[in-house]
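Participant: Read off the chains here:
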Amino acid sequence: MNLGKQFKDGMLTQNPVLVQVLGMCSTMAITTSFFNGIGMGVAVTIILTLSNVIISAMRKIIPDKIRIAMFIVVIAGFVTCVDLSIQAFLPDLANSLGVFIPLIVVNCIILGRAEAFSYKNGMVASFFDGIFQGIGYTWVLLAMCIIREFLGGGTFGGGVLGAVNEAGQHVGIQIFPADYGIGMLTLPVGGFLVLAALIAAMQWALARPKKDKEESK
Amino acid sequence: MTDYKNLKLIATSNPHIRGSETTRSIMLDVIIAMCPALIWAIIYFGVEALLLTAVSVIGCVVFEGLYRKLMHKPQSIDDLSAVVTGMLLAFVCPATTPLWMILIGDFFAIIVVKQLFGGIGKNFLNPALAGRAALLASYAGAMTTWLPAGTKAAIGGGMPVDVVSAATPLAYLKTGDLEGLKQIASVGDMFLGKVGGSMGEVSALMLLIGGLYLIWRKVINWQTPVAYIATVAVLTVLFPKAGGAEYMLYSIFGGGLFLGAFFMATDYATSPVTKKGQLIYGIGCGLFTVFIRYFGSYNEGVCYSIMVMNCCTALIDKYTKPVRFGVVKSDKKEAAAK
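For the protein sequence lines, the chains are A and B, in the order given.
Taking our numbering, the leading residue of the first sequence gets 1, the next gets one more, and so forth.
Taking our numbering, the leading residue of the second sequence gets 1, the next gets one more, and so forth.
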């Protein structure tokens, strides 16, 4: 077990969104306000950690041929718990995320980590893998939310900060007038553009140190 | 020691006849061909039209220059393609577009659509049209606010005081209100450009002059524009929403059809190579334009139809590839498959 490496994998080198390119559906759809990003990120992190631990615990008794079905049953159980909890305690978040909470069942990140990591590793390692991969997912989501929200409508922290509108939701801190915002970025196409830019920046950042080393040789 | 890496050795087989055409000379021809429409825009919409074009051109050139410099790539601003993109983007925006807005369009056209895909010749969409589409998606209000016929735009962008925006002929065509359209503009007005609309698209006459100049200079082939305009003409004369042949005339002189047909659809990087391919491409553009104008939610379909066909270009090129010289008929299928 190598915590440092697991941490770095989750944050950067094996980041679920930027490198493994998993969980695209939710990444594109919900990253329009800060509040959504935090909610989705935390929900996925909790489900991922719990399902990782349980699947790791059961890995020796799960028959190989039906493992995917078993993973889904475990994941769906936790998703239902989280979904009902969010509806009960955070109705605003449940409204704005809508169907994307139940859809975590088929989120590739969770199934992917179950298959690639927790089915082969011990419970403690799987626990940390779930947390680090979940945080890796969350930070990319938050980065996309902040960029899209800021450039698209000139606000920061929508859903969490700022004045409250008639519907009782926070509208975020207005940094520049919304008329100047590039509305396209809050549309799905903006999700693709911002994600592409982030992936490119990530690849550039990951390739840089290697290049320097090669040149110094 | 000889620096072999940077020595530019060109090894080609004979004959070594070279044309005098360069990217720069072609782009210069395109700029010359756009001048009549630009002059009309300045006469009709006021000095703001010139200002908007100038800002757009400067924006495009600066973005292109900066990107090439920051990425340590060979500088490409002197091929004038960025100037053409800047002019075209200004042409497809309303004369009242705020200046900061056109710069965002420039950024999207040059950086996202053109340079990120590798620069000139490697973009799969027409940069100016993609820039317009981005602006339309972001600022639908400002991009569909049209000056009434005969009023000048305010300096710095925006509507002049005391002027209310008016519907363009395309809005009348959409609803099939030919009588209402006749009251604001005759067919002659449409042809000359005495109507509201995007800055560079209003005058079919000026665009036709520029287009004919390009065909005469052999910068573009006649196939794409003729197939495009003819398809729109045939469809609108067969299925007019009101009236008959008149509806067809209003349709082909209205909106950005001439601008799109002569200047946008003929962009080298995003249109098919063979003449047969160019015919198919022009017909496709015409079909989509009429479909969007008739059944879509937008009044104008030129921009999106050309972008859709841009995406089909690789496919058209694949299926219109001429058979290699010397290949006998029975082998044709195999050769085409390769």
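Heads up, a few of these hints could be off.
[Said to hold, decoys possible] A short, non-exhaustive set of chain B residues, derived as facing chain A with CB atoms under 7 Å:
{"no.": "1", "residue": "Ala134"}
{"no.": "2", "residue": "Ala137"}
{"no.": "3", "residue": "Ser138"}
[As the list claims (entries may be wrong)] Partial pick of chain A residues on the chain B-facing surface, computed with a CB cut under 7 Å:
{"no.": "4", "residue": "Ile182"}
{"no.": "5", "residue": "Gly183"}
{"no.": "6", "residue": "Met184"}
In short, the hints are calculated from the structure, not lab data.
For glycine and all other residues, C-beta sits at the position ideal for the given N, C-alpha and C.
Participant: So, for every hint listed, does it hold in this structure?
Facilitator: Outcome of the hint check:
1. Ala134: holds (6 Å)
2. Ala137: Result: holds, 4 Å to nearest chain A Cβ.
3. Ser138: holds (4 Å)
4. Ile182: At 5 Å from the nearest chain B Cβ, A/Ile182 passes the 7 Å test, so the hint holds.
5. Gly183: holds (4 Å)
6. Met184: At 4 Å from the nearest chain B Cβ, A/Met184 passes the 7 Å test, so the hint holds.
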